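Student: These protein sequence lines map, in sequence, to chains A and B. Just so we're aligned: 23 in the numbering used here is position 23 of the first sequence, and the numbers increase by one with no gaps anywhere. Just so we're aligned: 2 in the numbering used here is position 2 of the second sequence, and the numbers increase by one with no gaps anywhere.
Hint data in this document are derived by calculation from the structure and do not stem from the laboratory. Quick caveat, the model's predicted, so the values are computed rather than measured. Every residue, glycine too, gets a C-beta built ideally from N, C-alpha and C. Take the hints with a grain of salt, since some may be wrong.
Unchecked claim - Which bits of chain A does chain B cover? Going by a derived footprint, with three or more residues having C-beta under 8 Å, they are:
| # | segment |
| --- | --- |
| 1 | 8 to 21 |
| 2 | 27 to 40 |
| 3 | 47 to 58 |
| 4 | 100 to 109 |
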Amino acid sequence: QSVLTQPPSVSGAPGQRVTISCTGSSSNIGAGYDVHWYQQLPGTAPKLLIYGNSNRPSGVPDRFSGSKSGTSASLAITGLQAEDEADYYCQSYDSSLSGQGVFGTGTKVTVL
Amino acid sequence: QVQLQESGPGLVKPSQTLSLTCTVSGGSISSGSYYWSWIRQPAGKGLEWIGRIYTSGSTNYNPSLKSRVTISVDTSKNQFSLKLSSVTAADTAVYYCARTVPTYDSNNWFDPWGQGTLVTVSS
Numbered sequence: 001q002s003v004l005t006q007p008p009s010v011s012g013a014p015g016q017r018v019t020i021s022c023t024g025s026s027s028n029i030g031a032g033y034d035v036h037w038y039q040q041l042p043g044t045a046p047k048l049l050i051y052g053n054s055n056r057p058s059g060v061p062d063r064f065s066g067s068k069s070g071t072s073a074s075l076a077i078t079g080l081q082a083e084d085e086a087d088y089y090c091q092s093y094d095s096s097l098s099g100q101g102v103f104g105t106g107t108k109v110t111v112l
Numbered sequence: 001q002v003q004l005q006e007s008g009p010g011l012v013k014p015s016q017t018l019s020l021t022c023t024v025s026g027g028s029i030s031s032g033s034y035y036w037s038w039i040r041q042p043a044g045k046g047l048e049w050i051g052r053i054y055t056s057g058s059t060n061y062n063p064s065l066k067s068r069v070t071i072s073v074d075t076s077k078n079q080f081s082l083k084l085s086s087v088t089a090a091d092t093a094v095y096y097c098a099r100t101v102p103t104y105d106s107n108n109w110f111d112p113w114g115q116g117t118l119v120t121v122s123s
């Protein structure tokens, strides 16, 4: 099982704001390791959405924002759009596992 | 921009070795300080990092798979490869390759990703 826990699902109406949490521990997020976020649209490969806790790659809308505090991180989507319906994964490093690619459990965002 | 494409058999028999290749286009696999990773996703489930390689040949593997995994690189062909031995049905998944951007503290992120290839383990 993953050491990064996310809620299985979140939902919101178009235009609303939703947040996805990513809860870790003292060996990963709490140890100061950055968190990265990916969006996986249905039937497609994951795409980098946020890197280094809060940085957006070129081309990612500013409706997506990331933050980190303590042993948790969050991804916020403001002005929710139908095209945002997807699975979202957080990712970090865990010193106890020596794993460069520790992923969160994933969250399905549904646009009502 | 850099693009990645996975290739290899879509069906592997139990106990055999799964072999996949990732071809990098739009740039040299040796340029920049990038690693190159393999990641998999069973149907309906989450993402699992398998391992990564630097163009020098240096590797890091997921401890849970380390005994069965070998990742190699062929810079002359702009490719890197995955071998997973002694496969079982639990290894059935979509396998992705991804460019891996390292950070100063052993962390990294993955961008871009290949489109993925489904590998089924079945007799």
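Student: Each hint should be assessed against the structure and marked as holding or not.
Tutor: Results of checking the hints against the structure:
1. 8 to 21: With 0 residues in contact (Cβ-Cβ under 8 Å with chain B), the coverage given for the segment 8 to 21 of chain A is violated.
2. 27 to 40: holds (count 5)
3. 47 to 58: holds (count 5)
4. 100 to 109: Result for this restraint: holds, n = 7.
Of the numbered hints listed earlier, the single one contradicted by the structure is hint 1.
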